[in-house]
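> One-letter residues, chain by chain:
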Amino acid sequence: MGSVFLVTAAFLASAVEMVEALTIVLAVGVTRGWRSALAGTAVATLALAATVAGVGPALVRIPIDDLRLVVGVLLLVFGLQWLRKAILRASGHIALHDEDAVFRRELEGARAAGAVGRGGVDWYAFTIAFKGVFLEGLEVAFIVLTFGTAQGNIPLAAAGAAAAVVLVGVAGMLVHQPLSRVPENTLKFTVGVLLTTFGTFWSVEGTGTAWPGNDAALLGVLGYALAASLGLTMYMRYERRRLTAPAYLAGAGGSER
Amino acid sequence: MTLVTRFFRFWYDFIVGDDWTVAAAVVAALVVTAFLGRHRVAAWWVLPVVVVLTLGLSLRRSLGRRGS
Numbered sequence: 000m001g002s003v004f005l006v007t008a009a010f011l012a013s014a015v016e017m018v019e020a021l022t023i024v025l026a027v028g029v030t031r032g033w034r035s036a037l038a039g040t041a042v043a044t045l046a047l048a049a050t051v052a053g054v055g056p057a058l059v060r061i062p063i064d065d066l067r068l069v070v071g072v073l074l075l076v077f078g079l080q081w082l083r084k085a086i087l088r089a090s091g092h093i094a095l096h097d098e099d100a101v102f103r104r105e106l107e108g109a110r111a112a113g114a115v116g117r118g119g120v121d122w123y124a125f126t127i128a129f130k131g132v133f134l135e136g137l138e139v140a141f142i143v144l145t146f147g148t149a150q151g152n153i154p155l156a157a158a159g160a161a162a163a164v165v166l167v168g169v170a171g172m173l174v175h176q177p178l179s180r181v182p183e184n185t186l187k188f189t190v191g192v193l194l195t196t197f198g199t200f201w202s203v204e205g206t207g208t209a210w211p212g213n214d215a216a217l218l219g220v221l222g223y224a225l226a227a228s229l230g231l232t233m234y235m236r237y238e239r240r241r242l243t244a245p246a247y248l249a250g251a252g253g254s255e256r
Numbered sequence: 000m001t002l003v004t005r006f007f008r009f010w011y012d013f014i015v016g017d018d019w020t021v022a023a024a025v026v027a028a029l030v031v032t033a034f035l036g037r038h039r040v041a042a043w044w045v046l047p048v049v050v051v052l053t054l055g056l057s058l059r060r061s062l063g064r065r066g067s
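Residue numbers (numbering that gives the first Met the number 0), protein chains in the order written: chain A, 0 to 256; chain B, 0 to 67.
Pulled out of the complex, with its shape left as it was, chain B reads as follows (with noise of 0.2 Å):
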């Protein structure tokens, strides 16, 4: 592994961790955020929903991944 590609690997391992479909839920999560603001609909609600529903699926399959 070169030193550019460590450096990297560190910066992700610190940021995302375990389960990068967490930061991608949030991501989107984001994204549709905006996207509803742009078109003037209340949407402060999608993410605190997409957080807690991410958080549990994440750890559900954590479970799976143990059980196996």
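Just chain A, same shape as in the assembly (with noise of 0.2 Å):
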């Protein structure tokens, strides 16, 4: 059950990474040419599959209780961060992240940067491709790390990953365009609660605390965190339907006067 969840969240929260780094590197090879950004795109996998196999082993010498509750916390805090965004976006109360837009703004940037190529290879393309690559993917790479420790798999979490990357990078190529139409923020919903449940569950394991039922509870802490999830979403939406209807806006400008 572990495995089936691990491969998952590392897969979803690969593919949201992928979605938006392959924006950024479209979006560069389309203005300023594809070699310079593909190269960038490569250094950048290259550094992330360095930081993996760097540190991975690292992390394994660690005691299992001692890493489960500090992975537990790591897992959880960023866990909460994903959710608080998906939340705070699925009710409206920050814009969606529109892949669409970031693609305009990014060509916009690419054209005005003029020439900086030196030695053939054209510096513009190949920071923003390795910006972009990098950054999305150490997101992915903190996933794997932390939540392939903590279950004794980091092969089977890159595994995971890499079928994530595969999969967006081959869409991106026959399409030739951002995969807007990828629910990103479902998927960033569903990575926050997984990382939720399981930063829960180790770090409270970590202190030396039982769970009723031990592992099986994993399923139990995992429904608490969906549902409390969808009641904050909901929460949410009837705070934003509240605060943007006639009749608070015109008691909120009444009080002014």
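I should point out that these hints are in silico values taken from the structure, not numbers from a laboratory. One or more of the hints may lead you astray.
In silico SDA-like links for lysine to any residue, alpha-carbon gap of 20 Å or less [to be verified]:
1. A:Lys84 <-> B:Trp19
2. A:Lys130 <-> B:Phe9
3. A:Lys84 <-> B:Phe34
4. A:Lys84 <-> B:Arg60
5. A:Lys130 <-> B:Trp19
6. A:Lys84 <-> B:Trp10
7. A:Lys84 <-> B:Leu62
Facing chain A, according to a computed beta carbon distance under 7 Å, are these residues of chain B, among others [to be verified]:
8. Gly16
9. Gly36
10. Trp43
11. Pro47
12. Leu54
13. Leu58
14. Leu62
C-beta atoms are modelled at their ideal positions from N, C-alpha and C, and glycine is treated no differently.
Join these two chains into a complex; the hints should help.
Rendered as structure tokens:
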């Protein structure tokens, strides 16, 4: 059961971040040429793989209870950050991530940058592609490392993440435009719930406290985290409707007079 | 800003993000869980309760910030 969640979380997190990185690489590649954009992407991918390969073995040496406490706290704090943002987006308090808008912005930036080639390399294209892929990928590397070590299976987590990279990459090559139809926020919400679930479960175990029913409690925590997140989304939607209602706005205007 | 400050700032933003109180509440809840556990009190429920309350409060605070 844990392996299924491990692969799912790594795959979904990687898919979300890959969609965002793909938008940047596409914009730079279309405007400035593919050679330097792809070189930046390749170097960033290698840097991420090196990070996972370098940090992973060091994490494995930490005793499992200490590791689960530290990893649990990190995953929980990180997962709550994703969940908070996904709930704010789902309830309309902040705008959904718009890949088409990001693509247009990156295109304008790339066109305005002018020629900065040296030694046959377009350093603007290289740097933007590298930064886009590395920074988006770092979140995936973080999830693969923390989730993978706590479950004792970094290769499986890495395989889940790699599958998403291949899938999104192939889709991007085929359509040759940003994947704006991917339900990014739903994926982010799902990953947030999974990270919060495992973060909660492992960090409590890491303090030496037993869950009732041991590993079976994981499903209970998952159901609880999902129900609470959906409930908070509904509450935030209700608050948005209330705050934008004409009666409230008229009242707010009246109190200022 | 020095390179070292920028390094730590990056990791702080990366892991903790917009609302530090969420991270602080998680750590405090775990300290309470460990403390109660040492005194043989079943404390597995503390963190799940704190997590939902803190997330709810953090979302509510963001409403206030956006409304003001």
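> All the hints need checking, so say for each whether the structure fits it.
Cross-check of the supplied hints:
1. A:Lys84 <-> B:Trp19: This hinted pair holds, its Cα atoms lying about 14 Å apart.
2. A:Lys130 <-> B:Phe9: holds, 14 Å
3. A:Lys84 <-> B:Phe34: violated, 32 Å
4. A:Lys84 <-> B:Arg60: OK: A:Lys84 and B:Arg60 at ~13 Å, within 20 Å.
5. A:Lys130 <-> B:Trp19: violated, 26 Å
6. A:Lys84 <-> B:Trp10: Holds - the C-alpha atoms of B:Trp10 and A:Lys84 are around 18 Å apart, at most 20 Å.
7. A:Lys84 <-> B:Leu62: holds, 13 Å
8. Gly16: holds, 4 Å
9. Gly36: Holds, because the Cβ-Cβ distance from B:Gly36 to chain A comes to roughly 4 Å (cut-off 7 Å).
10. Trp43: holds, 5 Å
11. Pro47: Holds. Min distance 6 Å.
12. Leu54: OK, holds: B:Leu54 within 7 Å of chain A, min 6 Å.
13. Leu58: Nearest chain A Cβ about 6 Å off; hint holds.
14. Leu62: holds, 6 Å
In this structure, the hints that do not hold are numbers 3 and 5, in rising order.
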